[in-house]
Structure formats: structure tokens, C-alpha cells
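Spelled out from the first residue to the last, the chains are:
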Amino acid sequence: MNFKKYLLKRLLLAVVVMIGLSIVIFVISRIMPGDVATMALGSTATEEAKENYRIANHLYDPMLLQYFYWIGGVLRGDFGTSTSTDRPVAMDVAEFLPATLELVVMAAIILVILSIVLGVLAAKYRNTIVDAIVRVLSYIGVAMPSFVIATLLLLFFGHVWKIIPVLGRLSYGLTAPATVTGFYTIDALIAGDIKVFFNAFLHLLVPAFALALGGLCQEARIIRNSMVENGSKDYLSAMRGYGVPEGKILRKYQLKPSLIPAVSCMGMDIASLMGNAFLVETIFNWPGISRYGLSSMLGKDLNAIAAVLLIFGLIFVIVNIIVDLIVAGLDPRIRLGGAK
Amino acid sequence: MSNEKTPILEIKNLKLWFKVYKGYSKVLDGVNITVHQGEKVGIVGEAGCGKTTTVKSILGILPEGQYVIPEGEILYKGEDTLKMNSRQLGKVRSGEISMIYQEPSAALNPVFTIGQQMMEVAKNSDQGKGKTKAERREMVLNAIRDVFIPDPERIFDYYPVQLSGGMKQRICIAMAIMTQRDLMIADEPGTALDVTIQDQVHKTLDRLVEERDMALIMITHSLGVARELTDSINVMYAGTVVEAAPTAELFRKQLHPYTIGLMEAVPRLAGGGIQAGIYGSIPDYLYPPKGCRFAPRCPRATEQCLENKPELVDVGNGHKVACFNIEEV
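Chains A and B, in that order, are what the protein sequence lines are.
Just so it is clear: in the first sequence, position 176 is 176 by our numbering, and no numbers are missing.
Just so it is clear: in the second sequence, position 63 is 63 by our numbering, and no numbers are missing.
Hints are computed from structural coordinates only; laboratory data are not their basis.
Just so you know, not all the hints are guaranteed correct.
Stated by the list, open to error - When the alpha-carbon atoms are kept at most 27 Å apart in a straight line, the in silico DSS-like pairs for lysine-lysine are as follows:
| no. | chain 1 | residue 1 | chain 2 | residue 2 |
| --- | --- | --- | --- | --- |
| 1 | A | Lys-248 | B | Lys-131 |
| 2 | A | Lys-124 | A | Lys-5 |
| 3 | B | Lys-77 | A | Lys-256 |
| 4 | A | Lys-252 | B | Lys-123 |
| 5 | B | Lys-290 | A | Lys-248 |
| 6 | A | Lys-248 | B | Lys-26 |
| 7 | B | Lys-77 | B | Lys-91 |
| 8 | A | Lys-124 | B | Lys-26 |
| 9 | B | Lys-290 | A | Lys-233 |
| 10 | A | Lys-124 | B | Lys-83 |
| 11 | B | Lys-19 | A | Lys-124 |
| 12 | A | Lys-233 | A | Lys-124 |
| 13 | A | Lys-256 | A | Lys-5 |
| 14 | A | Lys-162 | A | Lys-195 |
| 15 | B | Lys-83 | A | Lys-248 |
| 16 | B | Lys-290 | B | Lys-19 |
| 17 | A | Lys-124 | A | Lys-4 |
| 18 | B | Lys-123 | B | Lys-133 |
| 19 | A | Lys-252 | B | Lys-133 |
| 20 | A | Lys-4 | A | Lys-195 |
| 21 | B | Lys-15 | A | Lys-233 |
| 22 | B | Lys-123 | B | Lys-15 |
| 23 | B | Lys-91 | B | Lys-123 |
| 24 | B | Lys-91 | A | Lys-124 |
| 25 | B | Lys-290 | B | Lys-309 |
| 26 | B | Lys-15 | A | Lys-256 |
| 27 | B | Lys-91 | A | Lys-233 |
| 28 | A | Lys-124 | B | Lys-123 |
Bear in mind the structure is a predicted one, so any value in this text is a computation, not a measurement.
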């Protein structure tokens, strides 16, 4: 089958992209102004201590060699020490990344489900009030940046109608479950603590929704439009003419070809959720890696910046590979591209 | 049992308007077509004259909510398909009538395999309903074999993109003949194909219709194809049937000026090129002519033609024509 070849090609391409990204990140972090040793040890450090630091960290070696020392460390999971938290960057990442991933995964689930539901509804009841409502909601959702939505939701659920907790990952008084995956919801399930699970789940809802809304609205429109476009295709008339039930035609034979354009778009949106998360994380006091990345940028914490960028890049690439595989799975014309 | 004279399908004065931005596009303007059991009926006419719309309205598969039918009835075995509820219509669709679509690449869903689509059709057909999956698969494979495609097991797992145009058209035919039906509608089954394949497809279709004693409605804009494959011909112009007659009779004598124009537009093997044609084009369906729809292009048009719509009347020998001025020929 061509499928394996396709996957291999995509993986090789991903490796090339990651190598390129690591070079760019490394070069930028090294040509930034300022003495690394001073930044690491503070302005009161003695000249001798700085000199030892430079030698220990290979700062006198050629750039190319420095890159290999750095990338070698990265491949072993050693991103260096954060100058702002004074801990290995890897430890910080391990602490903050799962929080953001949990948020982004939840946002992605909301995005996929709601955009399909809204898109299908709008297409099924096109040119009726349902379609009009979905259209107006989509325009609002696309036009409003996520931080505005986030602030409004925070105000609404935190002040006006307090049915869902909105700040942090867990309510006060509850202890975080033992870390296995770093996802509070999953860890709570593993620990068998239903109360913590529901609490963590509820905490996820509002921030994830705020994060997902922009992409969700856009994809709902795309799905609606391609559903309507495909609705008048002969292959659906044919299925109808052979007595296939209307509901099955809609759910299966109309939806599948209509998802293809939306899925590529969803991929890009979900991948960029990582980067967009920092505003939402800041507003909802979510201890995630986006917020960590932002504060390390403000504090010129080079090792942390490099690690965060590299991880974001890696996630972006992985999400895109997954999306490409889904699209290839949906569309035989891509999967069999070379066959004809 | 089969009585040649029992009508299986009667379309009576069917009017159909599409909703468009500016109002109604009055496409069908009183179509009258009768199909008898086991009869092969051709519908001939230029592009855009409502042939496909007419046959799609039989099964009720025009895009929902985008059209209205102000008048007319479609009697299938005596019952009006336009008045049927979805369950009754479902019965007609799953057991009585099957249709082959004009464009084979558009009639097959690009993201499902041939097998998946045909299995779905089999599952929803009267004959496939009680059967097991394996039996249905056998039905599908037999149908593919019936249209002369070698190696049906391989084709079963193919996607439409992997097939050529002729193969796709044959798959569409296979889908239509997979189960025993009483009426088959073939909407220009050869148009998308080159002539040699077209001929094969027509012959396959003709053989299967004969073998299974089905009635056939064949839409075509080729008079040659109609002459070869049909028992009677309906000539459509701008949403009405202007002339209807047994095939031999129609080729012997044409009465309606439009039919005469059509015949004259056919190039002759004997040479001399196309002798004449029909000037102008079909009318704007948003603002159709008040009287006879052919009047603006007709060499014989009179005051009467511009004011009144001629009825389709029998002039003997089963020859029907809708024209006020046939005597003057």
C-alpha cells in the first residue's frame, strides 16, 4: 500500500523541519545581545566564576560545535538550566506542558465536535432561522479575539452566574492527583477520585471553550458550505433514488466528503492553539507552558525560550502529520495520489 | 402476463418551477409522457429542455426545497408519486424504479469504494433487505460481472478515481440492474464516453433491459441512439413534449417544426453537410413565451401561437403533436 510510504515521507519531512527549526532557535538565542554568563550568574558574580561558567558551557568553542553540544543535550532531554526558576528547564516543561496540553486537547475536542454539529445543522436547515443563527454566531466568534471572549466568559461565569468554576485547574481544598500523565482529569480517573475528576473537568470547560471558539466558528462555516455544495451532487441524488434513508445520506455520504476541506483547516487551528493559549492561560490563571514561555521571554531566559519554541514546533509538526493522515484516510484521491 | 398496452408510468401535464433569486424559473410546462410495460421510450431534446428534471421528479430526487410543482401528476402503476409519503416513495425507490445518471464521475461518491456504495444500494433494495452480508456481496459481484467488467472482486475495493470513465458508467449501470426493477431510467448513459465505449454501454443496457423485461426511459440528445434503442420517442422542447410517436413512425414523418429542425440538423453520411438548423436558443425560463414556447423560433408561427399554448393531440398512428399549424405542411 502507498499509505506506509506516505507516512514515511511525512516523518522524514518532519525531521528536516525540526532540524531547521532547532538551528534557527539556536542561532537566534546565541546572537542575542548580552553576556550569557552574566545573565546566568547575576551581575555580582566574580570574573573567575563567569570564566569557569563559560568554559563549562563550551562558550569558547565554535558555534557549530556549540550547536552540537546543545542539540545533544536536547536529544537526551537536557535543555539546560532556567535562569528565572533556577531549575532544569526540562523539569519546568514537565510541570507546565501537561496543563497546556490538557487544555488544548479539550479545546480541540470541543472544536471538532461543535464545528461538525453546527455545520451539519446549518446545512441541513439551510436558509432557515437555524442557519441564520449559526451564521451570526460564527461571525461573532471569528471576529472576537479569544482574550475578549475569555474575559467575557470569566466575568459571566465567575461573577454573574457561578455554575462553573473558572480559575485555575482545581478548586481550593482539593489536592492534585498523583502525577502519571500530568492531565488532572486522567490522573484523577487513574487514582479513582471521581470528585477531583469532575472538578478538574469543569475547570477545563470555560478556558477550553474560549480557546476553541475562533477556530470552531470558522470550521462550522466551512463544513456548512461544503455540505451545501455537496448536497446537490448526483451521487447523493443517486443514493436517495435507491431508497437509502435520508439521515444516513446526511451523516455518511454527504458528511464524509464535506469534512475534507475542514479537516486541514482544523489542523492548522488546533496546532496554533498552543501558541494562542498564553492569553487564555493568563486570564484564567492556568499554570501552562504558554504562560511560562511568555514570562521566560520577558526575563530573557534563553534556555527556557529555546525549549518552549522547540516543543511548540514539535507539536505543530506532529499535529500536522496527524491531520495529513486523517485527510489521506478520508480522501482516497490523496491516498492513491500516485496510483493513477 | 405482460400486456404491452398497460401503462406503467404516466406523466400528466407536469409543471415544475425552480425557485431562483428573481422568482420562479418555469422549467417544465406541462410534460406528458406515457411508458407502457416493457416498452423502451426515448426522450430527445436539446440541452436544458428539462429532460433530466422530468425524470428526476419521478423519483422525487431533485434538491429538496428548491422547487415547486404547481400542477400535474406522475402516475406510477396508477399511483401518484408526487402525493406519496416518504414510506411509499421509499418503496418505489427501493424496488420499482432505478436510474442511471448522466455523469458517471458525479454519480459515484469519490470517498467511498465501489463496493461500499453498491452494498449500500443492495442493503436498501427490496431484494437485498433480508439477506446476509455475504449474499449481498454476491449480488454486487454478479451485477458487476453482468456489465462485462472482469475481476469484480478487485473492482469491489476500488475507489471511483481508480476507474476510467467507461468503467464508472458501467458501474452505474451495474448498480441500476443489480436488483429486478420494473422501470429503468437512463439519463444519457453514453454521453460522457467516447463512441466505441458508448456503443458497448448502450448494447449492454439494451441486452439487460430485454433480458429482464424492464421498461426503459432513455434520455439522449442523439437521434441515432434513439432510433437504435427505443420503441417510441418523445421530443421535448423547453419543458414540454412537442411530438411523440413510435420510433419508426417519427423517422418516417415529422410533424412539429422543432422535430423537423432537429432532423435537419443531423449530418448525413451521404455528405452535403448540415442542411439547416434551428435559429435562436431556448427561451428564458424566468420569462417564458406566453403561447407556444417554440413560437419565437418557429418559421410557421402565427398570432395564435403567440397567444395560446397548443395541446398534445393524437393525429393517428399513435403520432401525437403539439402544434396549431401541422396541416400546412
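Hint check results:
no.: 1; hint: A:Lys-248 / B:Lys-131; result: holds, 20 Å
no.: 2; hint: A:Lys-124 / A:Lys-5; result: violated, 38 Å
no.: 3; hint: B:Lys-77 / A:Lys-256; result: violated, 37 Å
no.: 4; hint: A:Lys-252 / B:Lys-123; result: holds, 15 Å
no.: 5; hint: B:Lys-290 / A:Lys-248; result: violated, 43 Å
no.: 6; hint: A:Lys-248 / B:Lys-26; result: violated, 32 Å
no.: 7; hint: B:Lys-77 / B:Lys-91; result: holds, 13 Å
no.: 8; hint: A:Lys-124 / B:Lys-26; result: holds, 26 Å
no.: 9; hint: B:Lys-290 / A:Lys-233; result: violated, 33 Å
no.: 10; hint: A:Lys-124 / B:Lys-83; result: holds, 23 Å
no.: 11; hint: B:Lys-19 / A:Lys-124; result: holds, 18 Å
no.: 12; hint: A:Lys-233 / A:Lys-124; result: holds, 15 Å
no.: 13; hint: A:Lys-256 / A:Lys-5; result: holds, 24 Å
no.: 14; hint: A:Lys-162 / A:Lys-195; result: holds, 18 Å
no.: 15; hint: B:Lys-83 / A:Lys-248; result: holds, 23 Å
no.: 16; hint: B:Lys-290 / B:Lys-19; result: holds, 20 Å
no.: 17; hint: A:Lys-124 / A:Lys-4; result: violated, 37 Å
no.: 18; hint: B:Lys-123 / B:Lys-133; result: holds, 8 Å
no.: 19; hint: A:Lys-252 / B:Lys-133; result: holds, 19 Å
no.: 20; hint: A:Lys-4 / A:Lys-195; result: violated, 43 Å
no.: 21; hint: B:Lys-15 / A:Lys-233; result: holds, 23 Å
no.: 22; hint: B:Lys-123 / B:Lys-15; result: violated, 34 Å
no.: 23; hint: B:Lys-91 / B:Lys-123; result: holds, 13 Å
no.: 24; hint: B:Lys-91 / A:Lys-124; result: holds, 24 Å
no.: 25; hint: B:Lys-290 / B:Lys-309; result: holds, 8 Å
no.: 26; hint: B:Lys-15 / A:Lys-256; result: violated, 35 Å
no.: 27; hint: B:Lys-91 / A:Lys-233; result: holds, 23 Å
no.: 28; hint: A:Lys-124 / B:Lys-123; result: holds, 25 Å
Of the numbered hints stated above, those contradicted by the structure are hints 2, 3, 5, 6, 9, 17, 20, 22, 26, listed in ascending order.
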